[in-house]
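Undergrad: Please build the complete structure, drawing on both the sequences and the hints.
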Amino acid sequence: MSAEPAANSTADRAAAPRLRSHLALLRAVPILVLLVAIAAQATLMTTVNADRQAGSGFAMFSSVDFAGSRSVVVTATYNDDVVDVRLPISTTDQVDGLLRSPTEDSAAQLARDLGEFEWVEQDGRIRATADGTNIDGFSVTVRRLTADGHELGSEVLAHAVAP
Amino acid sequence: MNQVRTPIGCVLMITAGTGIFMGAHWSPLVPLMLAFYLATLLAPSAARNSLIWFVMAAAWVAAVMIQPSAMEDHVYLYLAWLVAIAVGLLDRDNFMDEAGRQGRYLLAIVFATATIWKLTSGSFISGAALWTSGLLDDRMAPLLNLAGISSESLADARPQVTAVVASDGETFDISLSSYSSIALTLVALGTIALEALIAVSYAAPDTSRLAKLRAPLLVGFGFVTYAIVPVLPFALLLAVIGCTVARFERRTVLAFVAMVLVAVVRFATL
Numbered sequence: 001m002s003a004e005p006a007a008n009s010t011a012d013r014a015a016a017p018r019l020r021s022h023l024a025l026l027r028a029v030p031i032l033v034l035l036v037a038i039a040a041q042a043t044l045m046t047t048v049n050a051d052r053q054a055g056s057g058f059a060m061f062s063s064v065d066f067a068g069s070r071s072v073v074v075t076a077t078y079n080d081d082v083v084d085v086r087l088p089i090s091t092t093d094q095v096d097g098l099l100r101s102p103t104e105d106s107a108a109q110l111a112r113d114l115g116e117f118e119w120v121e122q123d124g125r126i127r128a129t130a131d132g133t134n135i136d137g138f139s140v141t142v143r144r145l146t147a148d149g150h151e152l153g154s155e156v157l158a159h160a161v162a163p
Numbered sequence: 001m002n003q004v005r006t007p008i009g010c011v012l013m014i015t016a017g018t019g020i021f022m023g024a025h026w027s028p029l030v031p032l033m034l035a036f037y038l039a040t041l042l043a044p045s046a047a048r049n050s051l052i053w054f055v056m057a058a059a060w061v062a063a064v065m066i067q068p069s070a071m072e073d074h075v076y077l078y079l080a081w082l083v084a085i086a087v088g089l090l091d092r093d094n095f096m097d098e099a100g101r102q103g104r105y106l107l108a109i110v111f112a113t114a115t116i117w118k119l120t121s122g123s124f125i126s127g128a129a130l131w132t133s134g135l136l137d138d139r140m141a142p143l144l145n146l147a148g149i150s151s152e153s154l155a156d157a158r159p160q161v162t163a164v165v166a167s168d169g170e171t172f173d174i175s176l177s178s179y180s181s182i183a184l185t186l187v188a189l190g191t192i193a194l195e196a197l198i199a200v201s202y203a204a205p206d207t208s209r210l211a212k213l214r215a216p217l218l219v220g221f222g223f224v225t226y227a228i229v230p231v232l233p234f235a236l237l238l239a240v241i242g243c244t245v246a247r248f249e250r251r252t253v254l255a256f257v258a259m260v261l262v263a264v265v266r267f268a269t270l
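So the sequences go chain by chain: A and B.
Quick note on the numbering used here: the first sequence kicks off at 1 and runs consecutively.
Quick note on the numbering used here: the second sequence kicks off at 1 and runs consecutively.
A few of these clues could be false.
Covered, in the sense of this in silico footprint (three residues per stretch, anywhere, with C-beta under 8 Å from a C-beta of chain B), are these stretches of chain A [to be verified]: (1) 29 to 36; (2) 52 to 64; (3) 67 to 76; (4) 93 to 102; (5) 151 to 157.
A few chain A residues that face chain B, going by a derived Cβ cut-off under 7 Å, partial list only [said to hold, decoys possible]: (6) 25; (7) 26; (8) 143; (9) 147; (10) 161.
Hints were generated in silico from the structure; no laboratory data involved.
Cβ coordinates follow ideal geometry from the N, Cα and C atoms, glycine included.
TA: Here is the structure:
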């Protein structure tokens, strides 16, 4: 490493004490930025079950529950039978959002949006198609993994049924 | 070029360069960070203007607001580090002291937070979280293989765990051998101990004996972590902050370079 280049000008040096007094306050800003980000994510994780591995939580790998281990289960009543729903690709972002931050409102929104598609049955499931039939009563459930020692189970994070 | 080869120049250049990789989280920032990196190389005097660094931090605040779902924790540490550099440049004569102090506190906060999450998670201490992460993230396979858990057993378990999380009342027992069970718990406890020690060493005063452990612990963490899950932007960020705290002491810099190379090699060979 070479030596540091010439220091700031004389005027800069004269202003240094005044600057340093202002710096005392500014010095706290980087730490506050990080603490606020962590607190915000921690709040989201504990209140709306936000994904531990996203955002500013620094909680990677700390739990069996993260967006990648959750599931969105969607069913509908088709010809009087409850059938699984194969979700259209256009709902991918919505589903990702539900996995990351599941709420009853966002589950209800997905259930309503699915009612806009037309459906056809295939291999015991229904899939969206251009010339199918409309269906009501979609049920959307977001579940997460739980662990009791080495036994894995699951529980509901959000659930909604479209009217 | 002389200005680039000073400790301040290195901090600015590597931090700006790290931003290019951080841009993976929001691609519109890649050209901006590339231009910023070139500025730290070609116009090092201009790059020492505090205002520019506040503007860059503001750009990342915008990115976080616009695309929050694409951001990961290291982006927020990067944002705080940009602000720390901006604040440090307000008093350039003491930049390395101020940036080093800020870096110490930022690393202490990050690793203390990570420690708290893991300590309060029963599924981490039991090893279930590590097993589940390995089940769903192939990059973790080498770690689980070392713990005696075969890739085949994970592949067999995958559909069963998928069924558990998709239905009510289903359970799945992670049946581990005694060796695997103990190994996973030891890995979990070792991780907690390492992260806690890093937090304490960076929080401790420079005069403390613990301060001497900072770089070895952080480099050790990087070697272990990034040899398994290579998060290159995070490795670069920890390296530049770690080097700044160590005032770019030669041996420390070499150790951090090796740590980043581990991440690069692992990433390239995934």
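Undergrad: Which numbered hints turn out to be false for this structure?
TA: Structure breaks hints 6 and 10.
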